[in-house]
Amino acid sequence: MEKITLTVPASRVLSGRALAGVVGSGDMEVLFTADPSQTLTINITTSVDNSRGRWEALFNRLQTVSSLPAGTLTIHDFGATPGVARIRIEQVFEEVSHA
Numbered sequence: 214m215e216k217i218t219l220t221v222p223a224s225r226v227l228s229g230r231a232l233a234g235v236v237g238s239g240d241m242e243v244l245f246t247a248d249p250s251q252t253l254t255i256n257i258t259t260s261v262d263n264s265r266g267r268w269e270a271l272f273n274r275l276q277t278v279s280s281l282p283a284g285t286l287t288i289h290d291f292g293a294t295p296g297v298a299r300i301r302i303e304q305v306f307e308e309v310s311h312a
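Quick note: the sequence shown, position 45, residue 258 per my numbering, numbers continuous.
Since the hints were made in silico from the structure, they are not lab data. A portion of the hints provided could be inaccurate.
Estimated spans, in silico, between C-beta atoms of each pair [claimed, not checked]:
| # | residue 1 | residue 2 | range |
| --- | --- | --- | --- |
| 1 | E303 | T258 | 16 to 26 Å |
| 2 | N263 | S228 | 34 to 44 Å |
| 3 | V226 | N263 | 25 to 35 Å |
| 4 | E307 | V221 | 12 to 22 Å |
| 5 | D262 | G229 | 26 to 36 Å |
| 6 | G266 | S228 | 24 to 34 Å |
| 7 | M214 | H311 | 28 to 38 Å |
Derived lysine to aspartate or glutamate pairs resembling DMTMM-like cross-links, with alpha carbons at most 20 Å apart [claimed, not checked]:
| # | residue 1 | residue 2 |
| --- | --- | --- |
| 8 | K216 | E269 |
| 9 | K216 | D262 |
| 10 | K216 | D240 |
The beta carbon of each residue, even a glycine, is placed where N, CA and C say it ideally should be.
Let the sequences and hints guide you as you build the complete structure.
Next comes the structure, spelled out in structure tokens:
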């Protein structure tokens, strides 16, 4: 198991909390809690060792295609593909934007 913490600039403020996915499914679980800060803090627990570069690349790509909200994102990854990871992350951001 590897624990990774990333911090990226946020470009929008939301309120609320959201959950997407279930780690027990062999997939991943993503929880988001909004706050009024200027950053998005990402806490990742993954079963895939040495995956920091993959996560950094995913969030760099997300920053270029969408505005990331301020808050804390907690990810419990059980080897999900980058595509599934992106879908789960986008799901929580969409859910909390409608809260």
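Each hint tested on the structure:
Separated by about 20 Å at the C-beta atoms, E303 and T258 satisfy the suggested range of 16 to 26 Å. As the Cβ distance of N263 to S228 is approximately 36 Å, the hint placing it in 34 to 44 Å holds. Roughly 34 Å separates the CB atoms of V226 and N263, a value that falls within the hinted 25 to 35 Å. Here the CB-CB span from E307 to V221 is close to 18 Å, well matched to the stated 12 to 22 Å.
Separated by about 33 Å at the C-beta atoms, D262 and G229 satisfy the suggested range of 26 to 36 Å. Taken as a hint, the range 24 to 34 Å holds for the pair G266 and S228, whose Cβ atoms sit roughly 32 Å apart. As the Cβ distance of M214 to H311 is approximately 33 Å, the hint placing it in 28 to 38 Å holds. Restraint check: the Cα-Cα separation between K216 and E269 comes to about 13 Å, which is no more than 20 Å; the hinted pair holds.
Distance hint between K216 and D262 is fulfilled; the C-alpha atoms sit about 9 Å from each other, no more than 20 Å. Of the supplied pair hints, the one linking K216 and D240 holds, its CA atoms being roughly 17 Å apart against a limit of 20 Å.
The structure shown violates none of the earlier numbered hints.
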